[in-house]
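Student: Just so you know, the sequences run in chain order A and B.
Residue 1 is where the first sequence starts when you use full-length UniProt numbering, and the numbers rise one by one after that.
Residue 1 is where the second sequence starts when you use full-length UniProt numbering, and the numbers rise one by one after that.
Since the hints were derived computationally from the structure, they do not count as laboratory data.
Any given hint could be a false lead.
[Unchecked claim] Computed cross-link-like contacts, DSS-like style, restricted to lysine-lysine with a CA-CA straight-line distance of at most 30 Å:
id : chain 1 : residue 1 : chain 2 : residue 2
1  : B       : Lys180    : A       : Lys328
2  : A       : Lys409    : B       : Lys10
3  : B       : Lys117    : A       : Lys11
4  : A       : Lys11     : B       : Lys88
5  : B       : Lys226    : A       : Lys328
6  : B       : Lys77     : A       : Lys409
7  : B       : Lys10     : A       : Lys406
Each chain is listed here by its residues.
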Amino acid sequence: MNTKLIFRIAKSLLLARWRQTLVAAVGVTFSITMFITLLGFMNGLNDLLDSLILNRTPHVRLFNEIKATKHQPIDLSGRFKAYHNFIKSIKPSGNSTEIRNNGLIMQALQKDDRVLGISPKMTAQVFYNVGEIDITGVVNGIDVEAESKLFFFQDYVTEGSYLDLKNVPNSIILGKGAAEKMLAKIGDVIQITTPKGERFPLKVVGFFQSGIIEIDKVQSYASIKTAQKLLGVTNSYVTDIQVKLKDMTLAPTLSKEYAHIFNSDAEDIQTANSQFETGSSIRTLISYAVGITLLIVAGFGIYNILNMMIYEKMDTIAILKATGFSGKDVNRIFITIALSIGFFGGITGLLCGFLLSSVIDQIPFNTAALPTVSTYPINYNLKFYFIGISFSLITTYFAGLFPARKASKIDPVDIIRGK
Amino acid sequence: MQHSTIIEAKAINKSFHDPITIPILKDINLSVNKGEFTSIVGKSGCGKSTLLYILSTMDTDYEGELLIDGISMKGKKEQDLARVRNEKIGFVFQFHYLLNEFTVLQNVMLPGLKLNKYSEQELEHRAMEHLRKLGIENQALKSATQLSGGEKQRVAIARALINDPLIIMGDEPTGNLDKKNTEVVFEIFQQLATEYHQALLIVTHDPSFASRTNRIIEMEDGRIIKS
Ligand SMILES: Nc1ncnc2c1ncn2[C@@H]1O[C@H](COP(=O)(O)OP(=O)(O)OP(=O)(O)O)[C@@H](O)[C@H]1O
Ligand SMILES: [Mg+2]
Numbered sequence: 001m002n003t004k005l006i007f008r009i010a011k012s013l014l015l016a017r018w019r020q021t022l023v024a025a026v027g028v029t030f031s032i033t034m035f036i037t038l039l040g041f042m043n044g045l046n047d048l049l050d051s052l053i054l055n056r057t058p059h060v061r062l063f064n065e066i067k068a069t070k071h072q073p074i075d076l077s078g079r080f081k082a083y084h085n086f087i088k089s090i091k092p093s094g095n096s097t098e099i100r101n102n103g104l105i106m107q108a109l110q111k112d113d114r115v116l117g118i119s120p121k122m123t124a125q126v127f128y129n130v131g132e133i134d135i136t137g138v139v140n141g142i143d144v145e146a147e148s149k150l151f152f153f154q155d156y157v158t159e160g161s162y163l164d165l166k167n168v169p170n171s172i173i174l175g176k177g178a179a180e181k182m183l184a185k186i187g188d189v190i191q192i193t194t195p196k197g198e199r200f201p202l203k204v205v206g207f208f209q210s211g212i213i214e215i216d217k218v219q220s221y222a223s224i225k226t227a228q229k230l231l232g233v234t235n236s237y238v239t240d241i242q243v244k245l246k247d248m249t250l251a252p253t254l255s256k257e258y259a260h261i262f263n264s265d266a267e268d269i270q271t272a273n274s275q276f277e278t279g280s281s282i283r284t285l286i287s288y289a290v291g292i293t294l295l296i297v298a299g300f301g302i303y304n305i306l307n308m309m310i311y312e313k314m315d316t317i318a319i320l321k322a323t324g325f326s327g328k329d330v331n332r333i334f335i336t337i338a339l340s341i342g343f344f345g346g347i348t349g350l351l352c353g354f355l356l357s358s359v360i361d362q363i364p365f366n367t368a369a370l371p372t373v374s375t376y377p378i379n380y381n382l383k384f385y386f387i388g389i390s391f392s393l394i395t396t397y398f399a400g401l402f403p404a405r406k407a408s409k410i411d412p413v414d415i416i417r418g419k
Numbered sequence: 001m002q003h004s005t006i007i008e009a010k011a012i013n014k015s016f017h018d019p020i021t022i023p024i025l026k027d028i029n030l031s032v033n034k035g036e037f038t039s040i041v042g043k044s045g046c047g048k049s050t051l052l053y054i055l056s057t058m059d060t061d062y063e064g065e066l067l068i069d070g071i072s073m074k075g076k077k078e079q080d081l082a083r084v085r086n087e088k089i090g091f092v093f094q095f096h097y098l099l100n101e102f103t104v105l106q107n108v109m110l111p112g113l114k115l116n117k118y119s120e121q122e123l124e125h126r127a128m129e130h131l132r133k134l135g136i137e138n139q140a141l142k143s144a145t146q147l148s149g150g151e152k153q154r155v156a157i158a159r160a161l162i163n164d165p166l167i168i169m170g171d172e173p174t175g176n177l178d179k180k181n182t183e184v185v186f187e188i189f190q191q192l193a194t195e196y197h198q199a200l201l202i203v204t205h206d207p208s209f210a211s212r213t214n215r216i217i218e219m220e221d222g223r224i225i226k227s
């Protein structure tokens with residue numbers, strides 16, 4: 001019903017007061033710009049920090065923890081069955097973190113179609129020999145191909161080639177921090193001491209930078225075969241099975257399931273990194289809060305400007321009503337005015353937000369801790385743009401609601417008499 | 001047209017209640033027929049404007065009955081009354097009351113666009129016709145703010161005519177104009193009445209204006225004393 005006419009009148013009223021309209025629209029534009037930029041930047045940062053951890057963390061990790069036997073002698077006594085028993089005397093035995101029957105487990109996992117891939121791993125505590133002193137370290141024996149495919153190992157090898165780890169026998173990729181301490185260069189042969197006291201020469205084929213300095217001072221990588229040789233164990237010895245799932249959200253359930261089936265310990269990514277999730281969600285929350293606050297302020301601006309406009313346009317409203325426009329028509333005219341301010345201000349805001357994000361995206365951001373980034377991270381998710389424009393329409397709608405209702409209630413007789 | 005009576009007021013009473021109840025209109029009975037050029041006269045404050053606002057459906061707070069084109073206006077919704085005003089009544093005020101945001105032509109066309117009976121081109125054509133009839137067609141594309149008082153009032157008359165209303169009501173439409181322009185407006189009204197059989201109901205203070213109309217309704221203290 002007469003929508004075109006309503007739009008036309010709204011447009012004329014807007015253009016007649018274009019300066020005020022512009023101020024109102026700039027308020028919306030500013031808030032949406034900040035909203036988009038803030039969310040893009042915060043989420044870029046979240047993604048970066050998440051990928052720092054999440055990319056390299058298995059969704060489910062199967063391992064064998066050394067711990068006291070579950071069944072202590074007192075449990076065998078019938079008398080104390082119903083009690084909570086805390087007398088424990090049997091110490092951990094077996095002395096191995098090896099996952100037993102890991103070959104079968106891996107076969108079973110590979111058949112599971114919820115699983116994207118698996119990568120076996122074993123860790124060995126060693127000493128790096130640096131001149132007179134020994135530094136403690138950890139050598140991770142990995143399946144190089146699986147590790148790069150599933151956990152982006154290659155991204156963190158900053159110098160040298162990660163494939164040499166597989167191709168060169170007895171090779172090692174050192175953590176950057178450890179390498180600096182040892183003054184090791186690519187091609188050097190370093191000495192390490194195994195827990196059993198044997199010395200072992202390894203050839204350095206690359207450096208590794210995780211982004212977390214403490215890790216880089218200690219960790220290094222070798223192929224799983226080399227690591228097994230270091231410890232003098234059979235080639236079926238594996239301490240961790242890292243599982244990457246197709247759907248990460250299934251991790252907690254599957255981790256329980258696997259722990260039960262394979263009779264080992266299992267940890268899911270959500271539990272392992274709960275602090276990161278909290279950080280991410282708080283950053284997102286802050287961006288939304290700031291964006292919405294800005295929009296509400298802009299909304300009050302629009303409210304004021306519309307109220308002013310209605311006072312100025314009393315005569316216009318009275319004539320419209322006297323010549324046959326109903327209260328509802330007048331209401332729709334002012335709602336249309338409010339929504340157009342929201343729409344055009346919002347669209348411009350999306351554009352400015354995008355531009356500002358792109359500018360931030362170009363600012364160099366080099367830090368030793370983050371080898372994979374060179375500029376500030378920005379997330380350009382369309383979702384933020386969609387939320388931005390919806391917010392701006394919703395706020396301007398509410399800002400226009402009361403002024404529009406007031407305008408629709410104006411009694412033309414009062415205005416015409418008042419002249 | 002099946003009703004020769006356009007507007008009929010039956011026993012209309014109205015009081016204002018602030019702060020004490022004062023009766024303003026007392027037992028008004030009145031009917032206006034097709035083609036009649038009627039004027040309402042009376043002392044200031046006797047209730048002429050109040051009556052006109054009731055007859056034009058803008059004021060709904062009264063007792064009694066109002067029939068427009070044979071249909072009772074009692075209990076009609078605001079939206080329906082707006083429609084009645086749009087379709088059947090043209091209003092001309094003392095203070096021109098054009099919309100300053102629009103051109104002269106758009107001002108004339110607006111009630112027609114609202115009625116949505118004719119296409120936009122047709123409406124534009126009709127609006128130009130009316131402006132030509134009133135001798136201001138060359139002002140059509142000017143902004144409403146650029147006209148003189150007399151010209152504005154003629155535009156307001158053109159706007160009142162755009163939907164072929166049953167009746168044109170005016171509340172002292174010449175009250176703000178000089179002699180010459182008053183004469184122009186009066187002649188337009190008279191021409192509308194004689195040539196187009198347009199019904200007109202005009203409140204005026206000007207005795208010479210009133211004396212030249214077909215019928216004079218005289219009011220005193222909220223009553224019609226002569227009609
Ligand atoms: N909103 C109102 N509240 C109370 N009294 C009012 C109100 N509007 C008008 N009146 C009173 O109603 C009476 C009639 O007013 P009205 O405007 O109809 O007179 P009028 O005949 O048109 O006078 P004029 O010739 O000066 O225009 C006046 O005494 C006026 O004071
Ligand atoms: Mg009056």
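Student: Now, for every hint given, state plainly whether the structure supports it.
Tutor: Now for the hints, and whether the structure bears them out:
1. B/Lys180 - A/Lys328: Since the Cα atoms of B/Lys180 and A/Lys328 sit roughly 41 Å apart, the hinted pair is violated (cutoff 30 Å).
2. A/Lys409 - B/Lys10: holds (28 Å)
3. B/Lys117 - A/Lys11: holds (23 Å)
4. A/Lys11 - B/Lys88: holds (28 Å)
5. B/Lys226 - A/Lys328: violated (40 Å)
6. B/Lys77 - A/Lys409: Holds, because 14 Å separates the two Cα atoms, which is no more than 30 Å.
7. B/Lys10 - A/Lys406: Cα-Cα ~33 Å, so violated.
The structure fails hints 1, 5 and 7 (numbered hints given earlier, in ascending order).
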